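The task is simple: from the sequences and hints, build the whole structure.
There are 4 protein chains.
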Amino acid sequence: MPSQRALGIAVIGTGKMGADHVRRLQHVISGARVTAVVDIDENRAKTLADASEGCTAYTEAAAAMAAQDVDAVLIASPGPAHEAALLDALGCDLPVLCEKPLTPDAASALRVLEAEQKLGHRRVQVGFMRRYDTEYIKLKRLLDSGELGRALMLHHRHRNLSMPPWFTNEMLINDSVVHEMDVTRWLLGQEITAVTVHKPAPTSHAPTGMDDPQFVLFETEFGALADVEIFGHCGYGYQVHAEAVCERGTVRIGDEPGPRLSADGRWGGRITPDYIERFDDAYDREVQAWVDATRRGEVTGPGVWDGYAAAAVCEAGVLSQREGRRVQVELTERPALYR
Amino acid sequence: MPSQRALGIAVIGTGKMGADHVRRLQHVISGARVTAVVDIDENRAKTLADASEGCTAYTEAAAAMAAQDVDAVLIASPGPAHEAALLDALGCDLPVLCEKPLTPDAASALRVLEAEQKLGHRRVQVGFMRRYDTEYIKLKRLLDSGELGRALMLHHRHRNLSMPPWFTNEMLINDSVVHEMDVTRWLLGQEITAVTVHKPAPTSHAPTGMDDPQFVLFETEFGALADVEIFGHCGYGYQVHAEAVCERGTVRIGDEPGPRLSADGRWGGRITPDYIERFDDAYDREVQAWVDATRRGEVTGPGVWDGYAAAAVCEAGVLSQREGRRVQVELTERPALYR
Amino acid sequence: MPSQRALGIAVIGTGKMGADHVRRLQHVISGARVTAVVDIDENRAKTLADASEGCTAYTEAAAAMAAQDVDAVLIASPGPAHEAALLDALGCDLPVLCEKPLTPDAASALRVLEAEQKLGHRRVQVGFMRRYDTEYIKLKRLLDSGELGRALMLHHRHRNLSMPPWFTNEMLINDSVVHEMDVTRWLLGQEITAVTVHKPAPTSHAPTGMDDPQFVLFETEFGALADVEIFGHCGYGYQVHAEAVCERGTVRIGDEPGPRLSADGRWGGRITPDYIERFDDAYDREVQAWVDATRRGEVTGPGVWDGYAAAAVCEAGVLSQREGRRVQVELTERPALYR
Amino acid sequence: MPSQRALGIAVIGTGKMGADHVRRLQHVISGARVTAVVDIDENRAKTLADASEGCTAYTEAAAAMAAQDVDAVLIASPGPAHEAALLDALGCDLPVLCEKPLTPDAASALRVLEAEQKLGHRRVQVGFMRRYDTEYIKLKRLLDSGELGRALMLHHRHRNLSMPPWFTNEMLINDSVVHEMDVTRWLLGQEITAVTVHKPAPTSHAPTGMDDPQFVLFETEFGALADVEIFGHCGYGYQVHAEAVCERGTVRIGDEPGPRLSADGRWGGRITPDYIERFDDAYDREVQAWVDATRRGEVTGPGVWDGYAAAAVCEAGVLSQREGRRVQVELTERPALYR
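Protein chains in written order, with the numbering used here: chain A, 1 to 339; chain B, 1 to 339; chain C, 1 to 339; chain D, 1 to 339.
Calculated from the structure, these hints are not laboratory results.
Mixed in with the good hints there might be a few duds.
Label-pair distances were calculated between CB atoms; the ranges are [claimed, not checked]:
#1 N43/A <-> G15/B: 45 to 55 Å
#2 D93/D <-> R339/C: 54 to 64 Å
#3 D281/D <-> S145/B: 49 to 59 Å
Every value quoted in this text rests on a predicted model; they were computed, and no experiment measured them.
All C-beta atoms in this analysis are idealised placements derived from N, C-alpha and C, irrespective of residue type, glycine included.
Take a look at the structure:
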């Protein structure tokens, strides 16, 4: 039974994602309320805080974490700011939901890993929200059930309508393919051991200098192979497909659901334009699950090890992208806390 | 902006549906908490109340409604008990979410209609949860957009794995087809003016004396035609399909979504076994929307007029079922409050 | 083993359908060649005949049937001309493939039935080509296999982009719904015993005076119910759907196959514009099966009884359409030849 | 207009494929008849010849080709026998449909290429039947139309229920992936310039020593990337999927069509067990198109250059498979005859 008192949450970062999480916590999620918002932009923090009763604005994460009415922390600031906020929260022994990436590189992720180990218990969940998507959950259950035997290959498709102009080749790996890295590890229960990035002739709709689409191959510790088509400027909508090839069957998710229309000589339906709409329910489920687990004193979602492993695979991916060759992934030994 | 204080809700009736709503209000819905549960079975009420802090058990709905911490009422008792609870709640001027049916017949529904009119403002929402189902919402939006022109026909399929042994011919209309009555009225924005029930040779899996499946035709005030296949013992799962035939296109909802499996010489996926799983999200959205609207002092969902109209169409349907002929639906004039 | 000599075929009627069958027989079908074409328009017949070596033009069907090189007859003239041609062919004891309808009414169909009975063996196949469509064949096999138990209901959808301007209300029954009459009888193995035609408010795209769409109910001798949406001006393409509701499952055919495109914010594909494209393969299979059976001296397809039964049901349908009531179908006793 | 006389065809090889082509030519194809069958097994040839009037059995291809009633040759003998038969046919200047592979290696394919060049006109079509499959044709048309812009990537899936026990790793490339090689070249209108074969941990259902599944990457001359999942023992049926990723959209073929069944808690349908059933229509269309073109004195299908290019890519594929590295494809200059 959850405790009666609603969980007081400090939301760090009030950009697009942070503001959306404040809305979610106030109006969708049961058992939590936002008691603090933190942003280096004081005005933005204040505007957001004023709209919610009992919510205080801060410009320093540490100050918010020290407040009496803050029970947990949701980090939605830019990646480079994560390490400091995570270390602060671990210092206060506060539960954290940290938007992906955990940190921008493996070395900093390793420092967070060490800090949590020193604390001696798990406090941090990383925001890999696909693990909370209905279809991915069904796929995971099916694979875990053993009904189809061992998984041999995974085929991923990850298509975006377009990318903001400041998006780079590296971000295709670090911000987009990172999701496939995580679901590959999660679905298979295996670490990724090598990455190869291929670059076909780019679409003319990509900005100059960007290789788009790219095709990424993952090898895993027990020999499974996963491929990812990452396409930043497909021009027609947001699509995330996955197909698992197993010993006794194959299974596919991501086909568009919903009204099937017949008109103007065509059958079919609408494609979601972006990840906000496509994964809206997944974000809701992720945050609700985190609030529920936190109130029970548990961490049930992807943790620091998952954030660290993703960072290490991303580093290998970016190297392969640059040098056009297969790159081995080097991971530290998995600490007992994460086994 | 919703008020800060969570809405205190009295749940009347603690059977399967009532207990599920208590769970929903406590763990899923934001901005509400259950402060009272009412059941003539005192033990059942007490057990449920004890599991939630700040929740009191009652055996009388009127007593619960008089309590300081009760701001709104959710009625989930058996249909015959609805009228008294509704009149009590209207007497206290309390917002109500009443599970369908509003009341079991048109005459009693009319009395509730009159009581709310006397009160002078709308307080009651009826639990037609399909209006909160994602696919039905998309269908409604598409029809309202005018993109496909006027709707000419609706084809409904409503299939159940099986029915409890005490289910009757009349209940196929009153408890099952009532949903198609409501969505037909809602999707088209037209009243139903006549009903004809056809009975093909029954399946051998139906209990003796039950005509299952049945095929129901609705005529509407502006000449649209809607047909309903109601099948109580289809034997393979729960399916709800709808197809709208419009002047410039057709649109279909209800095809099973998600993971597409290939194994054992077959492609395809799983069918939901029951309405609880199929419409779980719709129930969540319905109750959240009701809580949100109530906190804003509004009624936004289907109201007493919709409950009354459904009751009147059901009466005509049961008569047609019995006498094997087309039966006209008689409705009182629509009061100004519901225009 | 078919005989070595190609079957010499007289094609009667050289309109759209007749000319298409000449092309089919010359270029697609194995084991047959067109040795005669007959049309009251001598020029049209001559032009067609001149294009094929060894093919003679006639203006009289009887003359063609008397020719040495004519082994079988394909009738593709307008319906009112069928009876005379059929009686001529039966008089010559020639195998016939007669485009639907067999004849335009039950009385004339009965005369053909009597003529074939007098002949003492079956010679005539009627052109209900849906029986040769891959999907209908799979549906029929599935129903016959008993895997799903007894069929309780059939739902048919029959939509056309538009109809020629001279198309009438009666033709919606006689030329369009007649296909659903035949497949209902064939799929269920039951005669149709009553017809009711419903007319919702028509689409504004139908010509003045035409009730379009219409909704037709068939009752069958063992209590199955079949409904047909016939829509002459759906405006977006040609669609033929069927769904069988059985004791242990349901099965649906007619969903558009083929490339699934994602572009411009939509997923989906193309709808065939007309029956020629939709049933092109079915026509090929029908004519090939008829040629093969004829060379073996057999009749394997739908026969005169099927043509007669369709004519009788059509008469009842047109009466129901006119008078707005359920009309019983009266059939003569089924002769031994057709059991 | 085709000539009146049916094309007399010599079928060389009377194994599974050859016998099926004899049946096809006798009973399905218009305008052709089998006048000769050739097999080193005299009894088998004789049995087959005796079943068709006017058909002679031979044990030597050259003797059959010299016969008066042989106008064209269909080669369906084992691959190693193709070169001799092809050179014979070219020596007689006879039209040939040669089942894939053209020849088992690039060197022998080059000798056929030179022989046809010496002859000075094209006579040989290679049996890449996927080019005649309805879905592939629609995909090709869509790509050629330019509607979706340039193709950037192709994703192929090629799954077999199981393989005969004598099937080898090399045959996965030479007999299975060869189809994807051809359709990749055909769909894109580009040569394949490099091949890389990946071998995930094999399924336990593959015979010892076979690496199954494998994952093959093709690079093409203008930078497109194509990947192929080849799975010899998927255990559930025969599936061939293709997806083209273009600048303005994506398009997918190969989803199973046909009756959609709901029963036993599952929706879906049947998967074809083998290529014979899946590509039956494609074989019919291929042979009919070849017969029609031959009667017009043309070659319209894939030719010797396509057979040679496939052989060269296969050689590179087998090398990559053995050595676990990317292998460049070396092609001779394309002769004028094939431009």
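Outcome of range test on Cβ distance (N43/A, G15/B; 45 to 55 Å)
52 Å, holds
Lying within 49 to 59 Å: is that true of the beta-carbon distance D281/D to S145/B?
40 Å, violated
For the range 54 to 64 Å, tell me whether the beta carbons of D93/D and R339/C fit it or not.
Holds, at about 59 Å.
Of the numbered hints given earlier, the model fails hint 3 alone.
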